[in-house]
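Engineer: Protein chains in written order, with the numbering used here: chain X, 41 to 241; chain R, 41 to 241.
Just so you know, these hints were derived from the structure itself, not from any lab. Don't take every hint at face value.
A pair holds if it fits inside one copy or across any two, identical chains being indistinguishable in the list.
Once the Cα atoms are required to be at most 25 Å apart in a straight line, the calculated DMTMM-like pairs of lysine to aspartate or glutamate come out as [claimed, not checked]:
{"hint": "1", "residue 1": "K96", "residue 2": "E78"}
{"hint": "2", "residue 1": "K56", "residue 2": "D162"}
{"hint": "3", "residue 1": "K173", "residue 2": "E53"}
{"hint": "4", "residue 1": "K202", "residue 2": "E136"}
{"hint": "5", "residue 1": "K64", "residue 2": "D94"}
{"hint": "6", "residue 1": "K207", "residue 2": "E78"}
{"hint": "7", "residue 1": "K50", "residue 2": "D225"}
None of these values were measured; they are calculated from a predicted model.
Number of protein chains: 2
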Amino acid sequence: MDYPSSAIQKAVEAFKTLPGIGNKTAVRLVLHLIKQSEGRISEFERAIEALRKDIKYCSVCHNLSDNEVCSVCSNARRDQARICVVQDVRDVLAIESTSQYTGVYHVLGGVISPIDGIGPEDLKIASLVERVKNGGVEEVIFALSATMEGDTTIFYTSKQLKDSGVKISTIAKGIAIGGELEYIDEITLGRSLLARVPFEI
Amino acid sequence: MDYPSSAIQKAVEAFKTLPGIGNKTAVRLVLHLIKQSEGRISEFERAIEALRKDIKYCSVCHNLSDNEVCSVCSNARRDQARICVVQDVRDVLAIESTSQYTGVYHVLGGVISPIDGIGPEDLKIASLVERVKNGGVEEVIFALSATMEGDTTIFYTSKQLKDSGVKISTIAKGIAIGGELEYIDEITLGRSLLARVPFEI
Numbered sequence: 041m042d043y044p045s046s047a048i049q050k051a052v053e054a055f056k057t058l059p060g061i062g063n064k065t066a067v068r069l070v071l072h073l074i075k076q077s078e079g080r081i082s083e084f085e086r087a088i089e090a091l092r093k094d095i096k097y098c099s100v101c102h103n104l105s106d107n108e109v110c111s112v113c114s115n116a117r118r119d120q121a122r123i124c125v126v127q128d129v130r131d132v133l134a135i136e137s138t139s140q141y142t143g144v145y146h147v148l149g150g151v152i153s154p155i156d157g158i159g160p161e162d163l164k165i166a167s168l169v170e171r172v173k174n175g176g177v178e179e180v181i182f183a184l185s186a187t188m189e190g191d192t193t194i195f196y197t198s199k200q201l202k203d204s205g206v207k208i209s210t211i212a213k214g215i216a217i218g219g220e221l222e223y224i225d226e227i228t229l230g231r232s233l234l235a236r237v238p239f240e241i
Numbered sequence: 041m042d043y044p045s046s047a048i049q050k051a052v053e054a055f056k057t058l059p060g061i062g063n064k065t066a067v068r069l070v071l072h073l074i075k076q077s078e079g080r081i082s083e084f085e086r087a088i089e090a091l092r093k094d095i096k097y098c099s100v101c102h103n104l105s106d107n108e109v110c111s112v113c114s115n116a117r118r119d120q121a122r123i124c125v126v127q128d129v130r131d132v133l134a135i136e137s138t139s140q141y142t143g144v145y146h147v148l149g150g151v152i153s154p155i156d157g158i159g160p161e162d163l164k165i166a167s168l169v170e171r172v173k174n175g176g177v178e179e180v181i182f183a184l185s186a187t188m189e190g191d192t193t194i195f196y197t198s199k200q201l202k203d204s205g206v207k208i209s210t211i212a213k214g215i216a217i218g219g220e221l222e223y224i225d226e227i228t229l230g231r232s233l234l235a236r237v238p239f240e241i
């Protein structure tokens, strides 16, 4: 398509590189932006610039951070004896938004996936083993996706942690809260029957 | 929600100001961006900067432009005697993508909408009347939304153009090509019956 202005063209191309943004949406976003005041547009620019310049990763858990150590790891009120292992920063945000977890995190940066060429050495598994070895850790909780890659990663990593004697757990799998039984896929339903838990009155 | 980094926080807030982008999508876009190379991120920055600095509007039709006069108005192969009146730059892009129109445009910058406080003087109606007065125009085609505001704008503007003797038309309204009759709303269907056209064999 021919755009009336090359600035528009370039901005549309830039927005189209983002996930889930196609041509029509990109045009809509760009035309929205150019209607904003100069101040609003340069605010947007500065926000993107900060992404390039100011992003740091926590040296302990590899979470995104403003400082050398992130706000979770440096928080004295978080339980440092419990480490939740996640794939991605997004998962940290998801778990934090539940307000149900008081421990700390370890961000692997992915899962083992031979088909994508991702092996254990590409992930932050060694530094997790190191953290556990340094002592003070009671439990490692794997909160990875319930996929083959996730399971492989749990299996590999827990083998590395075996000698440390730390308690290893995974988050519960089963039907979602509020989920209607008839709409749940048969594998999840089958597994959640096998993994049934005693009901206490 | 608490973000692990203030750069992330600001970028998420910036993306959330865009239409149709909520919190979850904004987080996804930002986390995608920070995974890109520095070069890719600064490309994005420059594209936004260009929106702020390099956008010009055509002095003839008020379309977006790289120069004083846009590529449509300055194209000798476009029929300068036919002016298509649209609400918005987006509509120019939509009509251009059909490849069915060889005339030029006039971008009003909105439609008359008393409820939003937009009167005729807020739109580029006077400059359209001026263009027609300057001569050489045979037809003014209104391609505005089929809403009350669109109709009001057509009515007001065509009254201003009446004395010039220019031919005035609106784009056809009716059922969409490929549309199944049973799914079409009754008002459109009713109107398209009233506005039936002779079928030639």
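Engineer: Would you mind marking each hint as holding or not holding in the structure?
Structural biologist: Hint by hint, here is what the structure shows:
1. For the identical chains of this complex, K96 and E78 are inter-copy neighbours only, at 13 Å across copies versus 29 Å inside a copy, given an alpha-carbon limit of 25 Å.
2. Taking identical chains as interchangeable, the C-alpha atoms of K56 and D162 are never at most 25 Å apart, the minima being 28 Å within one chain and 33 Å between chains.
3. In this assembly of identical chains, the alpha carbons of K173 and E53 never lie at most 25 Å apart, being 48 Å within a copy and 39 Å across copies at closest.
4. In the homo-oligomer, the alpha carbons of K202 and E136 never lie at most 25 Å apart, since the shortest distance is 28 Å inside one protomer and 65 Å across protomers.
5. Taking the closest pair of Cα atoms, K64 and D94 come within 25 Å of each other only across two copies (22 Å); inside a single copy the shortest separation is 31 Å, beyond that limit.
6. For a Cα distance limit of 25 Å, the shortest separation of K207 from E78 qualifies neither inside one copy, at 55 Å, nor across copies, at 40 Å.
7. In this assembly of identical chains, the alpha carbons of K50 and D225 never lie at most 25 Å apart, being 43 Å within a copy and 39 Å across copies at closest.
In the structure shown, a violation is registered for the earlier hints numbered 2, 3, 4, 6, 7, in ascending order.
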